[in-house]
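Here is what each chain is made of, one letter per residue.
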Amino acid sequence: MSFDIEQLRGDFPILHQQVYDRPLAYLDNAATTQKPKAVIDAVRHYYERDNANVHRGVHALSERATAAYEAAREKLRALVNAASSHEIIFTRGATEAINLVASSWGNTHIGAGDEVLVSEMEHHSDIVPWQMLCERVGATLKVLPINDAGELCMEQLDDLLNERTKLVGIVHLSNALGTINPVADIITKAHAVGARVLVDGAQAVAHMAVDVQALDCDFYVTSAHKMYGPTGIGLLYGKETLLEVMPPYQGGGDMITMVTFEETQYNELPYKFEAGTPNIAGTIGFGAAVDWLNDNGIANIAAHEQSLLAYAIGQAEAFDGLRIIGTAASKATVLSFTLQGVHPHDLGTILDREGIAIRAGHHCAMPVMQHFGVPATARASFAAYNTKAEIDALFEALGRARDLFA
Amino acid sequence: MFDLRDLYQQVIVDHNKSPRNFGKLDACSHEADGYNPLCGDKLHVYLQLSDAGIVEDVAFEGEGCAISIASASLMTEAIKGKPVADFEALFRDFQHMVTSDLAEQPDDERLGKLAVLGGVREFPSRIKCATLCWHTMRSAVQGSHNTPAKTE
Ligand SMILES: Cc1ncc(COP(=O)(O)O)c(C=O)c1O
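Residue numbers (the working numbering), protein chains in the order written: chain V, 5 to 410; chain S, 17 to 168.
Please note that a few of the clues may not be correct.
As the list claims (entries may be wrong) - Negatives, chain S to chain V, calculated, CB over 10 Å:
{"hint": "1", "residue": "R36"}
{"hint": "2", "residue": "S45"}
{"hint": "3", "residue": "C55"}
{"hint": "4", "residue": "L65"}
{"hint": "5", "residue": "G80"}
{"hint": "6", "residue": "C81"}
{"hint": "7", "residue": "P99"}
{"hint": "8", "residue": "A101"}
{"hint": "9", "residue": "D102"}
{"hint": "10", "residue": "T115"}
{"hint": "11", "residue": "S116"}
{"hint": "12", "residue": "S141"}
{"hint": "13", "residue": "R154"}
Unchecked claim - One-sided excerpt, in silico: chain S residues whose CB lies under 8 Å from chain V:
{"hint": "14", "residue": "V29"}
{"hint": "15", "residue": "Y51"}
{"hint": "16", "residue": "L54"}
{"hint": "17", "residue": "G56"}
{"hint": "18", "residue": "A82"}
{"hint": "19", "residue": "L106"}
Because the hints were derived from the structure by calculation, they are not lab data.
The C-beta atom is built at its ideal place from N, Cα and C for all residues, glycine as well.
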């Protein structure tokens, strides 16, 4: 498979536009990626040809919609190498998937005196649901710290894990720092004390091959919109043995086999966790995004992004007054930084007027900002379609921002 | 064509670099916190009123973008030495300027130097940066100490 960047950019209609009379350089991919035509077409095709409710119709359209919906589940199963498609639960996104686990599994497996361990670099979505759970049940939230390179302090892990630890929540690829965490190691150690591990793969899946069986994680979550798919759809992978015994998260249609006013029998996996009419179009688009990723090859995309990141880091290191936030040995796709004398928010505005879209803020990881003693950072994050020319444009614009405030 | 200098006028750049009335007031009659969760801007304002209701001294501290620091700096200059009773009118004039139609010229006579912040109208996502200090000062003036001011 060859990786032809011009051809690949041609797949993304949105990239070919001017913003404030400048060519758009979209460098905010950690917030959300753009969508290839194949994904847009799959969603449109569904609405134009197949729109019907799933799992309940007896007519042709419903059968086609159901087939496409379930085909997406199988594509995702294969992408993350789950053992069974029963283990793939569609959710609204990574956030809802974590909340599902914190409610359903957490309420039944975590009690007073137990501990939940998360890292200092978690996204708020992998902190707040656990905090809420701990508050509900009287458990304690523990934190695995990071060092000044933005890497986990792995040497402290053994001390933090003990027989009270019931769950470890860990981000695979940090959206704020770009750090790739040694999740396999963490999982092995957590399992040794009997804890379960949820891996937050919201950022990871578009940028690296993920194999949930090789990792042996108990839960894995991600969002379609960060991997070239639609918003409002994501997934929870859970080991079948765990999902089997977990109570439903929400009640409603589709998640039952029989309802009387005295009693309800819940549906089997994965439907037990998919109450109500799901995001059918989004799921079908999610499946198309997986096809697009496979067609281009995650390994090819990752290699391209690594070369972009190395190029950007090289320029960043040579740029006067620029401080890179997150210098882990193992990182991907994210360049988070501050520029002396220019607040990230001002940078965001100035770059925007040059057609360059970046993120400025705390990236839903306020503890990371606190660790580095900054209120916010500017963040450029790369995807398959970005180019070195866009990175050149970024640094030229940073130079102009610096001059404006000189 | 629009120039970034319309937003980042030299006055704003200067006030950002060396904000006026920056720091603590040891003796103050009113104070308040302001916080913009979107960009993490944090301000604390202090106000010392005389018995006659004159702003004898005013100061602010905190961190934020150039727009929010410059706006706070300019605000303190604008209200220092004036009757606190005038604050509400100035608050409204400022609020009006940063949310009004672009075609409308800022009222230099009423706003004085504050008019340099009129450029934020071009940047909807930045209006809150300019108004945070005003909301914060307003809650200090109204004496509602306990809830940090927000820009909503
Ligand atoms: C690391 C990480 N986890 C979780 C999330 C939450 O994803 P979503 O908002 O799609 O549910 C994000 C999104 O920014 C993220 O970057």
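Each hint, compared with the structure:
no.	hint	verdict
1	R36	18 Å, holds
2	S45	29 Å, holds
3	C55	5 Å, violated
4	L65	30 Å, holds
5	G80	7 Å, violated
6	C81	4 Å, violated
7	P99	33 Å, holds
8	A101	34 Å, holds
9	D102	30 Å, holds
10	T115	18 Å, holds
11	S116	20 Å, holds
12	S141	8 Å, violated
13	R154	22 Å, holds
14	V29	6 Å, holds
15	Y51	11 Å, violated
16	L54	7 Å, holds
17	G56	4 Å, holds
18	A82	5 Å, holds
19	L106	25 Å, violated
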